[in-house]
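Residue numbers (the numbering used here), protein chains in the order written: chain A, 1 to 114; chain B, 115 to 224.
Among the hints, erroneous ones may be present.
Distance condition first, Cα-Cα at most 27 Å in a straight line; then the derived DSS-like pairs of lysine-lysine [unchecked claim]:
1. 57/A with 159/B
2. 57/A with 117/B
3. 181/B with 110/A
4. 171/B with 219/B
5. 219/B with 159/B
6. 11/A with 65/A
7. 219/B with 117/B
8. 110/A with 18/A
9. 171/B with 191/B
10. 110/A with 11/A
11. 65/A with 159/B
12. 110/A with 65/A
13. 18/A with 65/A
14. 219/B with 110/A
15. 11/A with 159/B
16. 171/B with 181/B
17. 219/B with 170/B
18. 110/A with 117/B
19. 181/B with 117/B
20. 181/B with 191/B
21. 117/B with 65/A
22. 117/B with 171/B
23. 159/B with 181/B
24. 191/B with 159/B
Stretches of chain B that chain A covers, calculated by requiring three or more beta carbons in the stretch to come under 8 Å of a beta carbon on chain A [what the hints assert, rightly or not]:
25. 156-167
26. 209-217
Just the calculated beta-carbon pair ranges, DEER-fashion [stated by the list, open to error]:
27. 15/A with 134/B: 41 to 49 Å
28. 79/A with 196/B: 38 to 46 Å
29. 57/A with 192/B: 40 to 48 Å
No lab work stands behind these hints, which were simulated from the structure alone. Beta carbons are placed, not taken as given, at the ideal position from N, Cα and C, and that holds for glycine.
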Amino acid sequence: EAAVTQSPRNKVAVTGGKVTLSCNQTNNHNNMYWYRQDTGHGLRLIHYSYGAGSTEKGDIPDGYKASRPSQENFSLILELATPSQTSVYFCASGQTGRDTGQLYFGEGSKLTVL
Amino acid sequence: QQKVQQSPESLIVPEGGMASLNCTFSDRNSQYFWWYRQHSGEGPKALMSIFSNGDKKEGRFTAHLNKASLHVSLHIKDSQPSDSALYFCAGMSNYNVLYFGSGTKLTVEP
Chain A
1 EAAVTQSPRN KVAVTGGKVT LSCNQTNNHN NMYWYRQDTG HGLRLIHYSY
51 GAGSTEKGDI PDGYKASRPS QENFSLILEL ATPSQTSVYF CASGQTGRDT
101 GQLYFGEGSK LTVL
Chain B
115 QQKVQQSPES LIVPEGGMAS LNCTFSDRNS QYFWWYRQHS GEGPKALMSI
165 FSNGDKKEGR FTAHLNKASL HVSLHIKDSQ PSDSALYFCA GMSNYNVLYF
215 GSGTKLTVEP
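My request is simple: use the sequences and hints to build the entire structure.
Take a look at the structure:
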């Protein structure tokens, strides 16, 4: 089965601090995504990537940066964390073509910003 | 930007009953529609897709798509306690970006 691994699974950060959430996929998928999940909002897209070296802005990119140094790895960076960024973050991978729209999600990273 | 209206927000059905979930999409470029399911403490997992108008049945689950109204529904027959989860509808347009609804929390009571 397709595998997406996120780290850390839990993180407590201070306001103004830098946070990096990492994601690794072994599916050899071209596309990778970062979503955040908040009650009442579902899954909202922050950044995504079509391949190594590419990053695109999603619906809520403000306050977040993304980095895709390789096919397997996709990071989400919060340079100056704020309490409003307290959330559960999910990374996903997917491939264009057959089963378009089938994403494989990691287990999530719970971030608390104090 | 795609907007997805999902209803109801929460749903309680008795074991053996029928659960019905609904979504409406705003982006006329949407072509591919999915239902995802998320159990507590886990990441969402793809449940089933529907790309053509009409019904698609997979076991106890039936998805329905009306492209003209951009309406998608999911019906779960003979609901089981193990079906209790958060369900999301999702749609994708031309840019390989999947947009999700706000979710329906389904509880199946024994």
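* Return the numbers of the hints above that this structure violates; sort them in rising order. => 3
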